[in-house]
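A.B. asks: Residues per chain are reported as follows:
2 protein chains.
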Amino acid sequence: MANRADIILSICPPHDAESLARQISELDFRGLFVDCNAIAPQKSKKLSAFFETGRYVDGAIIGGPAWQKESGTRLYLSGSTADEIVGLFKQSPLLTRIISHDISDASALKMAFAAYTKGSIALLASILSVSESYGVREALAEQWGSNFTQQTHQRLIATAVKGWRFEAEMHEIADTFLQAELPDGFHRAAADIYARMTEFKDKPPQNISQLLEALRSTA
Amino acid sequence: MANRADIILSICPPHDAESLARQISELDFRGLFVDCNAIAPQKSKKLSAFFETGRYVDGAIIGGPAWQKESGTRLYLSGSTADEIVGLFKQSPLLTRIISHDISDASALKMAFAAYTKGSIALLASILSVSESYGVREALAEQWGSNFTQQTHQRLIATAVKGWRFEAEMHEIADTFLQAELPDGFHRAAADIYARMTEFKDKPPQNISQLLEALRSTA
Numbered sequence: 288m289a290n291r292a293d294i295i296l297s298i299c300p301p302h303d304a305e306s307l308a309r310q311i312s313e314l315d316f317r318g319l320f321v322d323c324n325a326i327a328p329q330k331s332k333k334l335s336a337f338f339e340t341g342r343y344v345d346g347a348i349i350g351g352p353a354w355q356k357e358s359g360t361r362l363y364l365s366g367s368t369a370d371e372i373v374g375l376f377k378q379s380p381l382l383t384r385i386i387s388h389d390i391s392d393a394s395a396l397k398m399a400f401a402a403y404t405k406g407s408i409a410l411l412a413s414i415l416s417v418s419e420s421y422g423v424r425e426a427l428a429e430q431w432g433s434n435f436t437q438q439t440h441q442r443l444i445a446t447a448v449k450g451w452r453f454e455a456e457m458h459e460i461a462d463t464f465l466q467a468e469l470p471d472g473f474h475r476a477a478a479d480i481y482a483r484m485t486e487f488k489d490k491p492p493q494n495i496s497q498l499l500e501a502l503r504s505t506a
Numbered sequence: 288m289a290n291r292a293d294i295i296l297s298i299c300p301p302h303d304a305e306s307l308a309r310q311i312s313e314l315d316f317r318g319l320f321v322d323c324n325a326i327a328p329q330k331s332k333k334l335s336a337f338f339e340t341g342r343y344v345d346g347a348i349i350g351g352p353a354w355q356k357e358s359g360t361r362l363y364l365s366g367s368t369a370d371e372i373v374g375l376f377k378q379s380p381l382l383t384r385i386i387s388h389d390i391s392d393a394s395a396l397k398m399a400f401a402a403y404t405k406g407s408i409a410l411l412a413s414i415l416s417v418s419e420s421y422g423v424r425e426a427l428a429e430q431w432g433s434n435f436t437q438q439t440h441q442r443l444i445a446t447a448v449k450g451w452r453f454e455a456e457m458h459e460i461a462d463t464f465l466q467a468e469l470p471d472g473f474h475r476a477a478a479d480i481y482a483r484m485t486e487f488k489d490k491p492p493q494n495i496s497q498l499l500e501a502l503r504s505t506a
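Protein chains in written order, with the working numbering: chain A, 288 to 506; chain C, 288 to 506.
Please note: incorrect hints may appear among the correct ones.
Identical copies go unnamed one by one, so any copy, or any two together, can satisfy a pair.
[Said to hold, decoys possible] Cut-off 20 Å, straight-line C-alpha distance, at most; resulting in silico cross-link-like pairs (EDC-like, lysine to aspartate or glutamate):
(1) Lys377 <-> Glu486
(2) Lys333 <-> Glu313
(3) Lys356 <-> Glu429
(4) Lys333 <-> Glu486
(5) Lys332 <-> Glu419
(6) Lys377 <-> Glu419
(7) Lys490 <-> Asp370
(8) Lys488 <-> Glu500
Because the hints were derived from the structure by calculation, they are not lab data.
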């Protein structure tokens, strides 16, 4: 496949991104390799070195499945040959945006964006768990108000099934912070929280109590 | 003062709470001591031991200055003699709520609540800083949208002047998590972020760039 393809898009859980890029680079692949994974900018630079100059594009997807243009899902791209990728998606519901010609800028943006979406939900999960441990979960729900509490429960339950693949992504984000001399603790903690959700990979939690039960068991 | 008072409410930065409670307990104080500070539940238990049984009430304030009832600011109380405090505020704009008769429940609630309000803003501060470091702050602002971006800038600038007293509170929250076998990293990181805001104690940042500049200098 690698011999016949002009372009390969790598879209996989972040802990497999490096080995996949290495495997492709070791085959007789002469095309353009686009890493679309949630990896730290410094890792994207490292992967780019597996390929000849201009044969690696840094990509990052922000948003859910792009069933239609209105989904607003966007493939961010950076690297000197990023414009070659834009044309592929002209007629598709996936939006594209070139950030710059510098390898790693698309990854940096993905890390910064996911740092909040996935970091804040892990934070909320840990807070519900702590309030349960101390017996003040009802009082917290009352102080939060029912809208925020219900919303949080729903977001958490929807996230739990994907937790298994967020653990590695949280470490990529933590590495991104560390490199910039900012604290990496938010996302090391988030990685720990997502690790505790692994049991929900193929069977979503039935309710918030079942999820909180899982969070209380340290890995 | 301690000799003449029936009730003493301790409201101070959390890093002074223990020494203040100890000082009062060593005086000839026969009244009721109410610790209203943002401290870990286990620390509240520790402070309660300085006083005779029933002479310590665990308190926690959630909300801003209570100029009027509509502010919704609430003093949560726990402990066997918590009801003696409720009467004091009947005619005042400060709302009260007894959570339980167990010392430390009011503190546990405060920790869980502040874990999100102050934890999430520290997370956002670190994310803006990381995006600045990697040169993708504008791209992030565009992805976030101008509402969320402007709101975040405003929250951050308003929070920066109070950062100096949040550092200790974040460690109290981290201790609360650790005790429940949950990761303490979110709030150790938040403490680090607030420590970097100390210079704004008496002079708020002029704009978001000045604030982000301060965040980039490690303590």
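A.B. asks: Evaluate each hint against the coordinates.
C.D. replies: Each hint tested on the structure:
1. Lys377 <-> Glu486: For Lys377 and Glu486, neither the intra-copy (39 Å) nor the inter-copy (49 Å) Cα distance is at most 20 Å.
2. Lys333 <-> Glu313: within (15 Å within a copy, 62 Å between copies)
3. Lys356 <-> Glu429: between (39 Å within a copy, 17 Å between copies)
4. Lys333 <-> Glu486: Result: close neither inside a copy nor across copies, 32 Å intra and 38 Å inter.
5. Lys332 <-> Glu419: between (43 Å within a copy, 18 Å between copies)
6. Lys377 <-> Glu419: Close neither inside one copy (49 Å) nor across copies (30 Å); limit 20 Å.
7. Lys490 <-> Asp370: This pair counts as neither: shortest intra-copy Cα distance 40 Å, inter-copy 46 Å.
8. Lys488 <-> Glu500: within (16 Å within a copy, 41 Å between copies)
Hint violations for this structure: numbers 1, 4, 6, 7, all remaining hints satisfied.
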